[in-house]
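All chains should be modelled from the sequences, with the hints used to inform the complete structure.
In case you want the letters, here they are:
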Amino acid sequence: MLAILTPSGNLVAPSPLEPDVVRRLYRAMVFARTYDRKGTALQKQGRLATYASFEGQEAAQVGSAAALEPEDWMVASYRDAAAMWMQGYPLELLFAGRTGDERGGSPPAHVPVLPPSITVGGHMVHAVGLAWAARLRGERRVAITYFGDGATSEGDFHEAMNFAAVFNTPCVFFCQNNGWAISLPREEQTKSETIAQKAIAYGMPGVQVDGNDLLAVYAATEEALARARANEGPTLIEAVTYRIGPHTTADDPARYRAGTLTDEWRQRDPLERVRLFLSERELWTAEWQEEIEAAAASEIDRAIGLAEEMVPLGPGDVFASMYADLPRHLRLQQAENMAGWG
Amino acid sequence: MTVRNIAQAINDALDLALGKDEAVVVFGEDVGRTGGVFRVTDGLRVQYGAERVIDSPVAESGIVGVGFGMAVGGLRPVLELQFMGFSYPAYDQIINHVARIRNRSRHRFSAPLVIRIPYGGGIGAAEHHSESMEAIYTHIPGLKVLVPSTPYDAKGLLLAAIEDPDPVVYLEPIRLYRAVKEDVPDEWYTLPIGAARVEREGDDVTLITWGAMTKETRQAADLLADEDISAEVIDLRSLVPLDLETLVESVGRTGRAVVIHEAPRTSGFGGEVVASVQEECLFSLASPILRVTGWDTVFPLKRSEHHYLPSASRIAAAARRTLES
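Respectively, the protein sequence lines represent chains C and D. Position 67 of the first sequence, counted from 1, bears residue number 67 in my numbering, the numbering being contiguous throughout. Position 126 of the second sequence, counted from 1, bears residue number 126 in my numbering, the numbering being contiguous throughout.
It should be emphasised that the hints constitute simulated quantities derived from the structure, not laboratory data. Any given hint might turn out to be false.
[Claimed, not checked] Among the chain D residues that face chain C by a calculated CB cut under 7 Å, a handful are: (1) A59; (2) S61; (3) G65; (4) N103; (5) S105.
Even for Gly, the Cβ is constructed at its ideal location relative to N, Cα and C.
Structure below.
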């Protein structure tokens, strides 16, 4: 397993990033954790629909997304808000989607991130097509797709990996193996010793990396992206991490896993080791920590405000994006819905 | 003008589209080297190269899912699923992604792709090669569903589908591929999506059908004409959107209608046609609208196909029944 930064904050290999960049990414991870905890809190207040926490996976998402170019395609799942945000997806739209508003799925034109896939695994093949389109159109950009260990059991994982390898498409498969697919442990998801080894069968490189190690994740992703850009084909990355929280706010992990296991993983926290790394280099202070946490909370509150202040969609709006031009039968249904039944 | 059958007309449309727009790609199993199992894409790979006329690994979900990514990424893929009975593995991609992306992204992303699916029986094919399950596609919001039955319509509708900004399922009646020939213009032309075609005018009863059943329906109209019954024949061509205005005009005039399709009856698209027509012109009806359809059975193998497929005499009998009241 590729590792660069140990849980105690020591380098076991050279850092791929300058300390000031690490500091910036630490700040992004603090931001992500603040966002995530706020998401769970807001759901409990009834202000968000079901929320899927990614606590514990901040390094996997921030470290991988940090290696992308701004124009690279991203196709992610419902647990990947930090990666999407890193690639430019507006915070208020992430919240809007979670409040139950389709406008949350509509990022600005310059943001190459698809709305998150809610069905498991179907989106991985999309990255292959996006990468293909980019190559055929002579664009330099590549595509990355995010998914969990559970998604690797879906048939579309096989089809995506196979198509990508056969057609040598410039894309990266980024698996966050967080140990659990709702209640099913990783060991019962696949008999493969690692998820990374599945790549061998498809004829592409597979890399297993400590997913809680920001620097290792960055290094692995950067290398995979460079291969893709050099037309050397796709790569599977398995980031080994842990879902500290429940599957979603509708789930109770106490029914299927021991709390002690979660406590063990807390000892391998992705933020703490970077904090130690920065502290060692006098790039971290308690005051700065307070400052960035407060700035995150303030920015997040602003985004929630924007999401909640969006004028609610009307009865005609559910039709408005079904087709480029509404066919007659939908125009009639729309008029019927807008007229009401008073 | 060149005399073409349906397979040739589709090939011609694909040729023009590949030649006109570099974003167009043809993607599916065996579409390249062999030109498809029905030879519909014959010669295109030689002309446009393997990067644009692409032989896919055998995986229907992958074809549609990758095609979806291509379309979102700026290409105009024309996908081929070899037989309707083999299209089901792609259903998740079609319903959950292709048909939804415009709505779930509020127009930010769209999937302008065409899914060509040969469908229908009557050629003595193996099991799973004869299905006519158009209703599983018409039921999905966000798609358009076209079914040509003539070479002229096949070309004009396919080019319209390729130009269309939304995903189109384009169903090709297998047993008509080489059964009909007619003059087809050589240049680019499109037909409106959502417009039925009155194939034959009549006053006594309206026969509504699409795809391969147009043949038996025409024959039924001939049988009826021998009895001085004047049947109007309407080929829907487009199931979604449905050209209800043309149907209502016709049935409002004749007061009698029969809907004919090859698919099983229960929840078949005929039920939708009957419901929509009677909502608009119940009081013009002189008798109930009847359906002549495939049975609610598994499509039979070669030696029993004729026990399943609606025949001209079965259609004519239903038309006569509408005239009894």
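Of the hints stated earlier, which fail here?
none
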